[in-house]
Each structure stands twice: as C-alpha cells, then as structure tokens.
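Peer 1: So the sequences go chain by chain: A and B.
According to the numbering used here, the first sequence is numbered sequentially starting from 6.
According to the numbering used here, the second sequence is numbered sequentially starting from 6.
If you're looking for bench data, these hints aren't it; they were derived computationally from the structure.
Even glycine gets a Cβ: it sits at the ideal position worked out from N, Cα and C.
Accuracy of the hints is not assured; some may be wrong.
To be verified - Covered stretches of chain A (in silico footprint by chain B; criterion: 3 or more residues with CB under 8 Å from a CB of chain B, positions within the stretch not fixed):
#1 65 to 74
#2 139 to 146
#3 219 to 225
#4 530 to 544
#5 584 to 591
Stated by the list, open to error - Straight-line Cα separation of at most 20 Å, SDA-like style, residue types lysine to any residue; simulated pairs:
#6 479(A) - 134(B)
#7 479(A) - 26(B)
#8 194(A) - 220(A)
#9 479(A) - 127(B)
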Amino acid sequence: MPENKPKPTVAESPISDVFEGRHPSPSEKEWAENTLAPTLDKAPEKPIGAASGVNLDEQGHARFTTISGVPVRRLYTQADLPEDWNYDRYLGYPGQPPFTRGIHASGYRGKLFTMRQFSGFASPEETNQRYKYLLEHGGGGLSVAFDLPTLMGYDSDHPASEGEVGKCGVAIDSLEDMEILFNGIDLEKTTTSMTINSPASVLWAMYLVVAEKQGADWKKISGTIQNDILKEYIAQKEYIYPPAPSMRLVIDTFEFGSKFTPRFNTISISGYHIREAGSTALQELAFTVYDGVEYVEWARSRGLDVDEFGPRLSFFFNAHNDFFEEIAKYRAARKIWYRLMKDRFHAKKERSWLLRFHSQTAGVSLPAQQPMNNIARVAIQALAAVLGGTQSLHCDGYDEALALPTEAAARIALRTQQIIGYESGVAQTIDPLGGSYFLENLTLQMEKGAFDYFSKLDAMGGMVKAIERGYPQKEIAEASYQFQRAAEANEKIIVGVNEFQIEEEPPHILYIDETVAKHQSAKLKALRARRSNEEVKRRLDALKKAAAGTPQASSNGNISQANTMPYIIDAVRAYATVGEICEALREVYGTYTEVSIT
Amino acid sequence: MPNEAKIRVLVAKPGLDGHDRGAKVIARALRDAGMEVIYTGLRQTPEMIVNAAVQEDVNVIGLSILSGAHNAIVPRVMDLLKQHHVDDILVLVGGIIPDQDVDALKKIGVAAIFQPGTAMDSIVQFIRANVKPRGVPAAG
C-alpha cells in the first residue's frame, strides 16, 4: 500500500534516535555522524520482512519492535545501560543473588535441562505405550496431558464429556487408570509433571497411591503438579470452583507436600497459557510472577512458613518467537523472584529465592500452513529457553495447529531438544549471551515493566481481586487483538501464512475417535460394580466435612486438621473416581462462572 | 439483507474447552466490521446456544471448537435449529477441525468451516456474502 505511506515529516537529522534519551560516547557520536548518517542517506531503513512496507511510524520511518511491540534500536552500546551499571550489582554470578545468570554455579555442566515432552491422548493404555516410547528414545521425564473431562473434573461417562473423551489428552477416571498409565514405569526413578489444575489434588493423590503401591518412598519421588488455578481464571479457563475455595485447595497441597513429599513441586506457576491467550512477553512475566506473590500471601495467611513451602514453588514459561525478548524474560524472572522472596516475604533459605522453570515452545506461533516449517520455529524458540537457563523443556510437534502430535512429530520434537543439548555447544557455557548490551537492556526493561505491573496489582488488592475485575483478562484480550490485527495488516510477516504461501497437501494427523469414550465407560461400569460403593460414600462424606472446615496450620508440626489431601487420598484408595471426588467438592464449594469479556 | 439492518451474530463456545482467544478475537473483528455480536461465554450446551440464537434473533451463529468435540456438538446444534424452525440461520464453525470431518459437517448444513490461519477479514466477507434475511420469527 505505498500510496498510503505517510510522507516523512521529520525535519531533523535521520540519526536523531541515537541521541534521544541516551548519552552516546564520543566515539559512538562520531560513528553516528560519519558512518551511519551517510549510509541512511543513501539507503533508508525498511521494515524487515514486511515486503509491502506497511510497518511505518507517523514520520514514515520503518518501525522496529519485538513481537510484543517493544521498540528495538538498531545498535546497543554501553549508552543503553544505566549510568551506575556494573557487573557485580546488575548481574552477579550463577548460583548467587540476584541469579540473573542462572541458579546453578555450574550451569548445564552438572545437569543438562530435562527433556520433558508433554504427552497424553486417548486411553491410559495407549498413552502408557507413548511414554515408554519417549523414555526409550532418550526423554528424561514424563509430562501428562489430560483430556478435558479430566481437567474439568468429570468422568468419561458424564453427559458433559460427550465428544471430549481422550481428545486433548489422556482420559483418567480412577486410580485404576492411573495404574495403567504408569504400568512398568518406576516412579522413584522417573520425574513426572502433570498438567492438571482444578482437580490437581485428586490426580496427585492418585499418583501418590500408585507410587505407594509400587513400593516407592514418597520422600524420594519427584515431579510437578501444575496446580496453578490463578492462570486458569486469567487465561486457560479450566476452573471448577470459585477462586477462594480453589486457592484453599492449592494451599492444602503446599502444606501436605512440604511435610510428606519434600521433592515434589506442588505448583508450577504458569505463564505459558497467559502467553498463548495472546499476552505480550512482559504481561506473561508480570502476571505469572505476581500469581506467585498471591500464592505466597495465601499460604502465609494460613500460617505456613515461607521457607517451608517456598523451595517447592516452580514456574513455567512460554518460549516464543522473539529470541532476545524471551531470553531477557527468563533472566528478569529470576532476578525479580529473588527480590520478592527476599525483600517482600523475608525468605531466609536460599532455596526459597531460586526461580526454577520449565518452558515450552509457543503452540500459538505454529501455523497450520506448511507445518514442517514449524520444526525450524520450534528449534529457535527452544534455543532461547536453553540460553535463558531453563531447567526443563518441551518442544511442540510441528503439527500442533492441526491435532495432537503423531509419533513422528513427537520424535522430531524430542530430537530437536537433543540437537540443541548435545550438538550446538550452547549448553557448555553459562548464560553465554550475558553482557550483551541489547540483552542486558531488555532484561532491565522487563524487570522495570514487571514492577510497574506489580504496583497496579497491589493497588487492586492482589491477583484474585484483579481477576474479579477482569483486569488481566482485558489486558490480554487487547494485546491478542492488536497482534492479530498487525499480522493481518501484514505489519508482521508470518512465513507461509501472510507471505510465501503455497498450495499444499494436508499432512497425516493423529485422529482420535469415539472408541476411547466407550472403552472408558465400560471400565467405569465394571469398577463401580466391583468396588465397595458404601466405602466410597463414607470416604467422600469425610472429605466433604474436611472441605467445609477452615484449615489452620498448627504449631505441633502436623498439617491442618481440615487439610483435604489426606481425605482425597483415602477416597482414591477406595477407587472413588475423579468425577465423584470433584462432585463432592462442588457440593461444598459451588462452581464458578466468569464474566465474559470480548 | 437490507443494508440498514445490522447483521446479528452469536459467537458461541460449546464444549468443555476454555481456549477462547479465537472466539474473542473474531467477536471483536465482527464488531469492528459493524456487526452486532453476542458472545455466549464458555461451556454452552447446544440447547443453550440455540435458545440464545432464537432469543437474540441472530442471522449467524459462529461456533468455536478446538477440542475435537465438533462431531458430537455440531449435529445437535443443527437438529435443534430445525426443531425451532430457525435453520435459516447461517452456521459457521471455526477452530481445529480435521479435513476428514469437513464434508460431514457441511452435509448437515454448516455453511463454512474456518480452519487455523483463516484471516479475520475473509470471515467478515463470507458472512456479508452469505447471510440471509431472517424470516418470520418463530412463534412466541
């Protein structure tokens, strides 16, 4: 649309941006005047990749930004760092505050990131086969994807589950399914992450009972439950109960975990879904870390000691397309969490200060068109996560936009991690981009931007209050719409989507039919005929009584009497189903309906 | 469709899935294109969707489904529209719909299926080109 191009109105020198808001050194000034200016005079800058040249500012200059819309300079120098910038104060050493460069003094040399591929589909029998396949091919840990009925606390034979069983993940109805899922997998030796939120305590209880039946020691098993209900209200929307009782269930797991499963992460505070819902990188960082603040506040008001549960808090971030912005996000996250835990919550243990995180490449960035191109996108995104010091990583399948990954797509995703970890050499040196003027500038901007958001959220009275006002939801919806608008206006090139399109054949995808639903329903029917339904009822009644009580940490070292975890475990042992346990809690807590924002 | 009447669209999110980014972006794009948009919010049953469509007297229903439950949900919506004698409403489905299911959905009356990567503008154009004036409103 060249005819719409605004006429340049700028009268001042084309190198004025070198001097705006910064103090370049004499040599940089000399460069700008004698080398840059003549170059710009001969060949003005053009928006990179935007063939139609539409991404221009009001002066008709090409606009350069990160994918989140943050302006990017053509060159970063010392002049882009604060005047008091010095290495010790702003960066520090890995394994030492403020942890900008990482939480381990030896980086990946002591332990490479865990290659943890998120997987689950159809029945527990089929998913168990995929897990064994991934472990045989060098996967380092498991990560369970549950189907929507499980995520929403319904059994496979519930009317609301129709058409959804086994589609987006594996269907788990009872302890029996969990036993099948981990059949032949030693839970004391494998770490398992479970993406489960509203019913997290139920699925975790099932995992603990399977481990117990295998003869594993709860003190030795390790893994993570996502258990992050706040981001469900903000972005992913798989919530069951209202916020207050949901938070109480989360704090129950913190309290139970710090006493009985010291190596299990009882939460993975997740920005991934916030980003997938369309937020900017900064919003992902700020809302996620502030969710962490909210959990700590709630746990403290139960009377828990921050150094008891603090070391078991973990994080989960997105790895999106904008390479440097992502690396800056991870580095800033570590610094911010350290400051919050130390200064705001007065945590004394170093373990409480450490932000450990999992990352996953950005499903939302992987288009359906020319899907093989996504292998390249995933490699770049995953590289950013590794350069940002991630503790574990999931690479998406190239067919992400079309279906759950085929076995071939899942294997290439794992191989991508292996190529980064074993071939590229980047894991040998800690934070190899540290000290880059650009990256350090972005890291500081991220940090400042996050604290600006924190002030707003504090003023609203915390995250639960902000959610009830729809604040983070609105921020994300706006960013998401702006991104889509920019993409459709060709301001941002998406290869194969708005440029470089071809006619193509659809790829082979994983197709899940309704036989899974029938299979799960038949198993449920047999289970209900086999187990003692009276015993199930007795245990669910006991759970309801605990759920209605108010938990308060006692001084004698025991967990709160009304903590729901022991009662859920009892119900699971009697083969109460996910749907039955969640229904018992629905009776006590009711359900939540959001105020929709469009 | 007379020009002076605004096109009324019900954007609905059936099933258990909570991924509403697409539904919200489309709702806003249609609104920006001058249409009257009613968004149902999450977890609507086919009955709730059709009741809302009748009450709001819409010309178009857009169903956003990403979870794979379309083969269970869409036929029920289409049946209910017939039962309520409002099957002149233009029904569109957007989301993750495998190619192999597209024909079956079209056969039962879905006007168009918009798969990942569809431009917002092409949805606007499709609605403008295919929307029908609403007939005599159903009794009551």
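Peer 1: Test coverage of the region 219 to 225 of chain A by chain B using CB-CB distances below 8 Å; three residues minimum.
Peer 2: violated (count 0)
Peer 1: If you draw a straight line from the CA of residue 479(A) to the CA of residue 134(B), is it 20 Å or shorter?
Peer 2: violated, 32 Å
Peer 1: So if I understand the rule, the pair passes when the alpha-carbon distance is 20 Å or less; does residue 479(A) with residue 127(B) pass?
Peer 2: violated, 25 Å
Peer 1: In terms of beta carbon proximity below 8 Å, does the region 139 to 146 of chain A have 3 or more residues touching chain B?
Peer 2: This one is violated; 0 residues, fewer than the three required, reach chain B with a Cβ under 8 Å.
Peer 1: Are the Cα atoms of residue 479(A) and residue 26(B) separated by 20 Å or less?
Peer 2: At roughly 12 Å apart (the allowed maximum being 20 Å), residue 26(B) and residue 479(A) satisfy the hint.
Peer 1: Does residue 220(A) lie within 20 Å of residue 194(A) when you go C-alpha to C-alpha?
Peer 2: holds, 12 Å
Peer 1: Go check the region 65 to 74 of chain A versus chain B for me, would you? Three or more residues, Cβ under 8 Å, otherwise it fails.
Peer 2: With 0 residues closer than 8 Å to chain B, the region 65 to 74 of chain A misses the three-residue bar; violated.
Peer 1: Can you confirm whether chain B covers the region 584 to 591 of chain A, using C-beta to C-beta distances below 8 Å and requiring at least three such residues?
Peer 2: violated (count 0)
Peer 1: Take the region 530 to 544 of chain A, compare each residue's beta carbon with every beta carbon of chain B, and decide whether three or more fall closer than 8 Å.
Peer 2: violated (count 0)
Checked against the numbered hints above, the structure breaks hints 1, 2, 3, 4, 5, 6 and 9 and satisfies the rest.
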